[in-house]
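Enquirer: Sequence:
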Amino acid sequence: MKPENENFFERVYQVARLIPEGRVTSYGAIAKYLGAARSARMVGWAMNASHTMEDIPAHRVVNKAGILTGKHHFDGTNLMQQLLEAEGVQIKDLQIVNLDKHFWDPFTELKAEL
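Under this note's numbering, the first residue of the sequence shown carries the number 6, and numbering increases by one thereafter.
Hint data in this document are derived by calculation from the structure and do not stem from the laboratory. Note that the structure is a prediction, hence the values are computed from the model and not measured. Just to be clear, a hint being listed does not mean it is correct.
Calculated cross-link-like contacts (lysine to any residue; reagent style SDA-like; alpha-carbon spacing at most 25 Å) [to be verified]:
{"hint": "1", "residue 1": "Lys106", "residue 2": "Phe13"}
{"hint": "2", "residue 1": "Lys116", "residue 2": "Asn68"}
{"hint": "3", "residue 1": "Lys69", "residue 2": "Asp80"}
{"hint": "4", "residue 1": "Lys116", "residue 2": "Arg43"}
{"hint": "5", "residue 1": "Lys76", "residue 2": "Ala42"}
{"hint": "6", "residue 1": "Lys116", "residue 2": "Arg46"}
{"hint": "7", "residue 1": "Lys69", "residue 2": "Lys116"}
{"hint": "8", "residue 1": "Lys76", "residue 2": "Lys116"}
{"hint": "9", "residue 1": "Lys106", "residue 2": "Gln95"}
{"hint": "10", "residue 1": "Lys69", "residue 2": "Leu84"}
{"hint": "11", "residue 1": "Lys37", "residue 2": "Asp80"}
{"hint": "12", "residue 1": "Lys69", "residue 2": "Thr113"}
{"hint": "13", "residue 1": "Lys69", "residue 2": "Gln100"}
{"hint": "14", "residue 1": "Lys76", "residue 2": "Leu88"}
{"hint": "15", "residue 1": "Lys97", "residue 2": "Lys116"}
{"hint": "16", "residue 1": "Lys76", "residue 2": "Gln100"}
{"hint": "17", "residue 1": "Lys37", "residue 2": "Lys69"}
{"hint": "18", "residue 1": "Lys116", "residue 2": "Ala41"}
{"hint": "19", "residue 1": "Lys76", "residue 2": "Glu90"}
{"hint": "20", "residue 1": "Lys76", "residue 2": "Gly33"}
{"hint": "21", "residue 1": "Lys97", "residue 2": "Asn83"}
{"hint": "22", "residue 1": "Lys106", "residue 2": "Leu88"}
{"hint": "23", "residue 1": "Lys37", "residue 2": "Phe112"}
{"hint": "24", "residue 1": "Lys76", "residue 2": "Gln87"}
From just these sequences and the hints, can you work out the full model?
Expert: Next comes the structure, spelled out in structure tokens:
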């Protein structure tokens, strides 16, 4: 991995660690917060690379429509969904029900803390 990607990935992880239990954010929201609005895909790559890091709640990062697009990177068929449901997030057809209620926007919640 290139050093600049390592730095970006670590910044993604810093934000992901702050997502509260029972809340979710999107790849794009993290990218926007980090000043890289067009880098949602790189945020996805960072989340995919974090599967061995127990302190990264990657299950709380979904696509902008609330669809569990990263679910295939978790062990087991429905682990991402099960983790979210255990936190009180309702899922139907692999999509978060009432996304607005659960959405955590780092841009407004953190106000440039990082």
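Enquirer: Confirm or reject each hint.
Expert: Hints versus structure:
1. With a C-alpha separation of about 28 Å, the suggested pairing of Lys106 with Phe13 is violated against the 25 Å cut-off.
2. Taken as a hint, the Lys116 and Asn68 pair is honoured in the structure, with Cα atoms around 22 Å apart against an allowance of 25 Å.
3. Proximity of Lys69 to Asp80 is assessed by CA-CA distance (about 23 Å); at most 25 Å being required, the pair is judged to hold.
4. Straight-line distance between C-alpha atoms of Lys116 and Arg43 comes to about 20 Å, which keeps the hinted pair within the 25 Å bound.
5. At most 25 Å may separate the alpha-carbon atoms for a hinted pair to count; Lys76 and Ala42 meet this at roughly 23 Å.
6. Restraint check for Lys116 and Arg46: the C-alpha separation of about 23 Å stays at or below 25 Å, so the hint holds.
7. In summary, the hint linking Lys69 to Lys116 is supported, as the alpha carbons are separated by about 20 Å, within the 25 Å threshold.
8. At most 25 Å may separate the alpha-carbon atoms for a hinted pair to count; Lys76 and Lys116 exceed this at roughly 29 Å.
9. At roughly 11 Å between alpha-carbon atoms, Lys106 and Gln95 fall within 25 Å of each other, so this suggested pair holds.
10. For the given pair, Lys69 sits about 20 Å from Leu84 by alpha-carbon distance, which is consistent with the 25 Å threshold.
11. For a cut-off of 25 Å, the pair hint linking Lys37 to Asp80 is broken: about 29 Å separates their Cα positions.
12. With a C-alpha separation of about 16 Å, the suggested pairing of Lys69 with Thr113 holds against the 25 Å cut-off.
13. Between Lys69 and Gln100 the CA atoms are separated by roughly 10 Å; this keeps the pair inside 25 Å, and the hint holds.
14. Between the alpha carbons of Lys76 and Leu88 the distance comes to roughly 11 Å, so the proposed pair stays at or under 25 Å and holds.
15. Between Lys97 and Lys116 the alpha-carbon distance is near 32 Å, which puts this suggested pair outside the 25 Å criterion.
16. About 11 Å separates the Cα atoms of Lys76 and Gln100, which keeps this hinted pair within 25 Å; it holds.
17. Annotation: proposed proximity of Lys37 to Lys69 holds, straight-line Cα distance about 12 Å (limit 25 Å).
18. The straight-line distance between the Cα atoms of Lys116 and Ala41 is roughly 16 Å, inside the 25 Å bound, and the hint therefore holds.
19. At most 25 Å may separate the alpha-carbon atoms for a hinted pair to count; Lys76 and Glu90 meet this at roughly 13 Å.
20. Restraint check for Lys76 and Gly33: the C-alpha separation of about 17 Å stays at or below 25 Å, so the hint holds.
21. Restraint check for Lys97 and Asn83: the C-alpha separation of about 12 Å stays at or below 25 Å, so the hint holds.
22. With a CA separation close to 17 Å, the supplied pair Lys106 and Leu88 stays within the 25 Å bound.
23. Simply put, Lys37 and Phe112 have alpha-carbon atoms about 7 Å apart, close enough for the 25 Å limit, and the pair holds.
24. For the suggested pair Lys76 and Gln87, the alpha carbons sit about 10 Å apart, so the restraint of at most 25 Å is met.
Checked against the numbered hints given earlier, this structure breaks hints 1, 8, 11 and 15; the rest are met.
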